[in-house]
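Engineer: Sequence:
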Amino acid sequence: MRVSLLTIGEPLPMDGHNIRLHRAGMFAEFLASKGHQVVWWSSTFDHVNKKNRFARDTTINVSDRYRIRLLHSVAYKKNVSLRRILNHRGVAGKFARLAETEPPPDIILSSLPTLELCLSAAKYGREKKVPVILDVRDLWPDIFLDLVPLPLRKAARVALFPMFETLKAACAGATAITGLTPGFVDWGVKHANRRRTSLDRDFPMGYSDAAPGAAAVREAENFWAAKGLPGGSDKKFIACFFGTLGRQFDLETIIEAAKKLSGRERPFHFVLCGSGDNFDYYRKLAGGCDNITFPGWVNAEQIWVLMRMSAVGLAPYLSTRNFTINLPNKPVEYLSAGLPVVSSLSGVLEELLCSSNCGVTYPNHSPDALAAALIDLYDDPGWLGEMSKNAHALYLEKFVAGKVYTDIMDHLELVCESYRNEHA
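Residue numbering for the sequence shown follows this note's numbering, beginning at -16 and increasing consecutively.
These are calculated hints, taken from the structure and not from any lab test. Wrong hints could be hidden among the right ones.
Ranges of calculated distance between the beta carbons of each label pair, as one might list FRET restraints [unchecked claim]:
1. D273 - G368: 44 to 54 Å
2. E396 - D260: 37 to 47 Å
3. A142 - E202: 41 to 51 Å
4. S181 - W366: 36 to 46 Å
5. D390 - I126: 47 to 57 Å
6. F147 - D185: 17 to 27 Å
7. F147 - W366: 26 to 36 Å
8. D47 - D390: 42 to 52 Å
9. R177 - A208: 53 to 63 Å
10. G211 - P87: 32 to 42 Å
11. E396 - D263: 15 to 25 Å
12. G211 - L367: 18 to 28 Å
13. T84 - H406: 32 to 42 Å
Nothing here was measured: the structure is a model prediction, and the numbers come from that model. Just so it is clear, CB atoms sit at the ideal spot from N, CA and C, and this is done for glycine as well.
Using the sequences plus the hints, can you model the full thing?
Structural biologist: Right, here's the structure in full:
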């Protein structure tokens, strides 16, 4: 197959040798390894570091089967901003023009967000008679309503009317809807204003637990030792977190729980990795608390080692609809290392942790409940060990990258065949 992937905002292979690829990046490499021709359309803009990688449109030849086409647009500093919308429109407009310079693919897989790029993909697919799959990652623009106080949401929905119209047109123009969970697929199908078909399927986040090389592991171990996190007999009960330090996480509760547990006989330590708009705010909030470490951005090897030094992984999501019907990537990452998940998220994740006995859920904004849950886990190492075994077993059953991406690849081939038969 000739496959076009449309996803912006993810790390790219050229961002560093130890970069951690996400869904599109891993799937692109997987498809190329299976002999398919891949063009990944993305943006020159680095969403995490908020800067452009290149000053103009750029093409990267990763291999003879895999190219990345980076489209230049305006930079932005804040995730919720007019400039971000302009960036998305600019990328979508350039795709509409530059896609004409490429041979038509056999299929397009476009991630939502962005709305604009998905709509451009749908229009291109209709004109060129190419099937388009829309892969729902986040509930845009619904997520913006969660940022608005309840009394103002009706007015906010009116203000967001153009975005909702773009969403409907993109979903209606797609051949099939996929997503991380059944709820995400149903949401996309609803906005397409049609019934769900056999081509509309959910595929979870796939994650690779491949070990780094020995030298990289030693370097990462030295990095954490310099942060005061030794292993062996001095090992602390580490609760780790990786993510963007932004408004989707309830990190205030983590910090307050850490303060409550500081200075007690149990050696709890919280390692909150990542950067973001609220990094300085959280570090100031945790001032004087010596059982919290903020290492900033960390690489793939450092993440791999820290997870294997940790006792639990933290998933402090706010229980908004975008997350309650979702299965986010952080918990899957923890499961790959056999880490029980300590989560504040109700819905799909809570049900999974309960049914598989591989984690616990505490209420949002309840540091007392979080502290009590961690004490229970520390005081019952047998229970903690059982959860750890269950966590890794669940990962092997549902979330191994090779299995997930094989399933998605097979589905792309099925959609191609169905589309050809329908349009023969």
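Engineer: Given a hinted range of 36 to 46 Å, is it respected by the beta-carbon distance of S181 and W366?
Structural biologist: At 41 Å between Cβs, range holds.
Engineer: D273 and G368, beta-carbon distance inside 44 to 54 Å?
Structural biologist: Since D273 and G368 have Cβ atoms about 28 Å apart, the given range 44 to 54 Å is violated.
Engineer: Between G211 and P87, is the Cβ distance one that fits in 32 to 42 Å?
Structural biologist: Since G211 and P87 have Cβ atoms about 56 Å apart, the given range 32 to 42 Å is violated.
Engineer: Between D47 and D390, does the C-beta distance stay in 42 to 52 Å?
Structural biologist: The hinted range 42 to 52 Å is violated for D47 and D390, with Cβ atoms some 26 Å apart.
Engineer: For the pair G211 and L367, does the Cβ-Cβ distance stay inside 18 to 28 Å?
Structural biologist: holds (23 Å)
Engineer: Do the Cβ positions of F147 and W366 conform to the proposed distance bound of 26 to 36 Å?
Structural biologist: violated (46 Å)
Engineer: Against the range 17 to 27 Å, how does the distance between the Cβ atoms of F147 and D185 compare: consistent or not?
Structural biologist: The hinted range 17 to 27 Å holds for F147 and D185, with Cβ atoms some 23 Å apart.
Engineer: If I claimed the Cβ atoms of E396 and D263 lie 15 to 25 Å apart, would that claim hold in this structure?
Structural biologist: Since E396 and D263 have Cβ atoms about 48 Å apart, the given range 15 to 25 Å is violated.
Engineer: For the range 47 to 57 Å, tell me whether the beta carbons of D390 and I126 fit it or not.
Structural biologist: violated (27 Å)
Engineer: CB of T84 to CB of H406, is that within 32 to 42 Å?
Structural biologist: violated (24 Å)
Engineer: Check the following: the C-beta atoms of A142 and E202 are separated by a distance inside 41 to 51 Å.
Structural biologist: Roughly 49 Å apart at Cβ, these two residues keep to the hinted range, so it holds.
Engineer: Is 37 to 47 Å right for how far apart the beta carbons of E396 and D260 are?
Structural biologist: holds (41 Å)
When each numbered hint is compared with the structure, violations occur for hints 1, 5, 7, 8, 10, 11 and 13.
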